[in-house]
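Take the sequences, apply the hints, and build the full model.
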Amino acid sequence: MRGFLNHGLANANQQIYAINQKLNIRWKMGTTVTIGIVWRNKLTVAQVGDSRCYRMRNGTIRLLTSDHNWMNEMIESGGMTVEEAEAHPLAQTLTNCLGTFEHLRIEFCEHTIVKGDRYLFCSDGLSSYIDTELISERLNACDAAPQSVHNLVNVSLKNSGADNITAVCLFV
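Using this note's numbering, you'd call the opening residue of the sequence shown number 5 and step up by one each time.
The set of hints was computed from the structure by calculation and includes no laboratory data.
Just so you know, even glycine gets a beta-carbon here, dropped at the ideal spot from N, CA and C.
Misleading hints may appear alongside valid ones.
Stated by the list, open to error - Each pair of labels, with its calculated beta carbon distance range:
no.	residue 1	residue 2	range
1	A148	L94	31 to 41 Å
2	A148	Q18	31 to 41 Å
3	N62	V42	17 to 27 Å
4	K26	E90	32 to 42 Å
5	P150	G12	24 to 34 Å
6	Q151	R61	12 to 22 Å
7	I29	N168	12 to 22 Å
What follows is the structure in structure tokens.
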């Protein structure tokens with residue numbers, strides 16, 4: 005699965021990057037992506053940028069991805085404390101996304117799926133306006149994946165969500 009995802013995302017990156025080079029514009033086109041493929045009892049997740057994948061298992065929510073932004077890179081490298089990095093004006097600046105860099109860094113993770121698991125794939129238009137505790141509450145409150153998506157998007161919009169929102173839920 006990793007090879008399949010790697011090939012597809014690298015190809016998409018090259019296509020967008022080529023358009024950016026041809027247009028020679030100051031603010032490059034780009035996008036984030038978090039994609040999952042279920043095969044047998046495994047979920048393989050590929051991620052570029054700050055779109056996220058959460059898993060709810062037995063009432064406990066866990067973020068399966070990490071945001072590819074300046075803040076996280078500063079924290080991981082030891083260059084800043086969490087408090088310093090969060091307060092920095094470049095904190096949410098993407099350091100990795102499709103189309104803006106010639107070479108793409110794809111983060112992969114693989115997880116065994118268990119009956120009862122609930123997965124949320126979402127853009128930062130959702131995760132920036134709803135905290136993890138509320139995401140957990142809303143995933144637990146719904147009996148069907150479409151209902152969860154509708155509920156989460158509405159909460160994000162009510163919380164002044166000004167960014168575009170993409171969300172997909174998978175209930176196992």
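Here is how each hint holds up against the structure:
| no. | hint | in the structure |
| --- | --- | --- |
| 1 | A148 <-> L94: 31 to 41 Å | holds (40 Å) |
| 2 | A148 <-> Q18: 31 to 41 Å | holds (38 Å) |
| 3 | N62 <-> V42: 17 to 27 Å | holds (19 Å) |
| 4 | K26 <-> E90: 32 to 42 Å | holds (37 Å) |
| 5 | P150 <-> G12: 24 to 34 Å | holds (26 Å) |
| 6 | Q151 <-> R61: 12 to 22 Å | holds (19 Å) |
| 7 | I29 <-> N168: 12 to 22 Å | holds (20 Å) |
Every hint from the earlier list agrees with this structure, and none is contradicted.
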